[in-house]
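The chain contents come next:
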Amino acid sequence: MNLLIMPSRATILFDEHRQRVFKQTDRLFAGLLVLEFLAGILAAWFISPLSWAGTTSHTHPHVWFALILGAAIISLPVFLAIRCPGQKVTRHVIAVTQMLESAILIHLSGGRIETHFHVFGSLAFLAFYRDWRVLLTAAGVTAADHVIRGVVWPQSVYGVLTVSFWRSLEHAG
Amino acid sequence: MSVNCTNSPTTLREIAPVSEKLSAVLVFLILIWTAAICCGMAILSDYGATSGVIGQTAEKWPADSTLQRIADEPTLLMFVHPQCPCTRASIGELALLMASGPQTLQARVLVFAPSEWSETQIKCDIWQSASAIPGVTVEQDPDGQEARRFGALTSGQVFLYGPQGELQFRGGITAARGHAGLNTGRSTVIALLTDNSPRKSAVTECSVFGCPLSTPRDP
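Protein chains in written order, with the working numbering: chain A, 1 to 173; chain B, 174 to 392.
Hints are computed from structural coordinates only; laboratory data are not their basis. Take these hints with a grain of salt, some might be off.
Said to hold, decoys possible - A short list of chain A residues far from chain B (calculated; beta carbon distances all over 12 Å):
hint, residue
1, Ile73
2, Leu123
3, Ala127
4, Trp132
As the list claims (entries may be wrong) - With a Cα cut of at most 25 Å, we get these calculated SDA-like pairs of lysine to any residue:
hint, chain 1, residue 1, chain 2, residue 2
5, A, Lys23, B, Ala197
6, A, Lys88, B, Leu204
7, B, Lys296, A, Trp45
8, A, Lys88, B, Ala208
9, A, Lys88, B, Trp206
10, B, Lys296, A, Leu50
11, B, Lys296, A, Ala43
12, A, Lys23, A, Val89
13, A, Lys23, B, Ile203
14, B, Lys296, A, Lys23
15, A, Lys88, A, Ser8
16, B, Lys233, B, Leu355
17, B, Lys296, B, Leu278
18, B, Lys296, B, Glu246
19, B, Lys296, A, Gly54
20, A, Lys88, B, Ser196
21, A, Lys23, B, Thr207
22, A, Lys23, A, Val34
23, A, Lys88, A, Gly121
24, A, Lys23, B, Leu204
25, A, Lys88, B, Leu202
26, B, Lys296, A, His58
27, A, Lys88, B, Ala209
28, A, Lys23, A, Ala127
29, B, Lys233, B, Glu246
30, B, Lys233, B, Thr357
31, A, Lys88, A, Gln24
Where is the CB? At the ideal position from N, CA and C, for every residue including glycine.
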């Protein structure tokens, strides 16, 4: 056996520790995502329970979005966190999901500026992975959202009818 | 379908790059998930962007209205449904508008008040929020009579009448359904109120977002 290609004990210990961190963080996010899903349903139920037309009402579409879309959003990351903890794909799917949870909560709260802080909180939680690539994935989702909306429907993000491409980059940055 | 990527915890194999281990099933699941989320988000955005109906509006203050217009001053009217969740954003935008407009501006919020509804249903949080805005008078609109006279069909609809009673603006002051934040409706009304240049004859119109003020069977 060629000893030169054998990793040192320090490297083995480091990798084992790193892998343990990845797995623990995946499990933490599995719980957090379920909590966020429930919080989304509660938010929709309290903020906009019913949609009205004169004196008639029916369940507000936001409640259904929180329930159905919310369940769809968390389904894959929770599945991966349980079945494939510690894998690269799991933490990147979780990073994407965290940003999608921010998007849906911002929408359910009516675009309140306070809800936007969920994005920053999510980045702080994703930092638990101690993997900068995960933060890049999360930031990439937000950047893509701003760039696409900036082109297709700028009023939904910036409140104006036209917007410079650079403003989307400024927001994403 | 079986996907399990868990390895024994202490072998070097477990830290091998995942891309080498990804099964076709996993790739398929990710593609299906991505497609489902994109569709869901698109439907959610489309729902938010769907505006309500702006009715036929008289370009002068309706003669049959029981509302009194303040002479030689602009008057802003907003018709709201007391239970419409989207209208909270409209009231929030009205508060910002009142803070940015001239201090002499008088605004009236007309709350849809069906005869069969209790005071609790009508004077809910939207009523309280509107009442708290300086310069805003909140009153009931029994069975939406005034809304019909002014041609308001959607909760959150705003009308701005000039000092001579001429209609200057009709529409909403939010960017989307129940969506707070900068929007062209609010900016337009503020510009109309603060611009001292001669008025254009055309009425400015913006999309309005909210619940319908009348039931589908109502005339």
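Here is what the structure says about each hint:
no.	hint	result
1	Ile73	violated, 6 Å
2	Leu123	holds, 20 Å
3	Ala127	holds, 20 Å
4	Trp132	holds, 17 Å
5	Lys23(A) to Ala197(B)	holds, 23 Å
6	Lys88(A) to Leu204(B)	holds, 17 Å
7	Lys296(B) to Trp45(A)	holds, 20 Å
8	Lys88(A) to Ala208(B)	holds, 21 Å
9	Lys88(A) to Trp206(B)	holds, 17 Å
10	Lys296(B) to Leu50(A)	holds, 17 Å
11	Lys296(B) to Ala43(A)	holds, 22 Å
12	Lys23(A) to Val89(A)	holds, 12 Å
13	Lys23(A) to Ile203(B)	holds, 20 Å
14	Lys296(B) to Lys23(A)	violated, 52 Å
15	Lys88(A) to Ser8(A)	holds, 23 Å
16	Lys233(B) to Leu355(B)	violated, 29 Å
17	Lys296(B) to Leu278(B)	holds, 24 Å
18	Lys296(B) to Glu246(B)	violated, 28 Å
19	Lys296(B) to Gly54(A)	holds, 16 Å
20	Lys88(A) to Ser196(B)	holds, 14 Å
21	Lys23(A) to Thr207(B)	holds, 23 Å
22	Lys23(A) to Val34(A)	holds, 17 Å
23	Lys88(A) to Gly121(A)	holds, 21 Å
24	Lys23(A) to Leu204(B)	holds, 23 Å
25	Lys88(A) to Leu202(B)	holds, 16 Å
26	Lys296(B) to His58(A)	holds, 21 Å
27	Lys88(A) to Ala209(B)	holds, 22 Å
28	Lys23(A) to Ala127(A)	holds, 14 Å
29	Lys233(B) to Glu246(B)	holds, 14 Å
30	Lys233(B) to Thr357(B)	holds, 23 Å
31	Lys88(A) to Gln24(A)	holds, 13 Å
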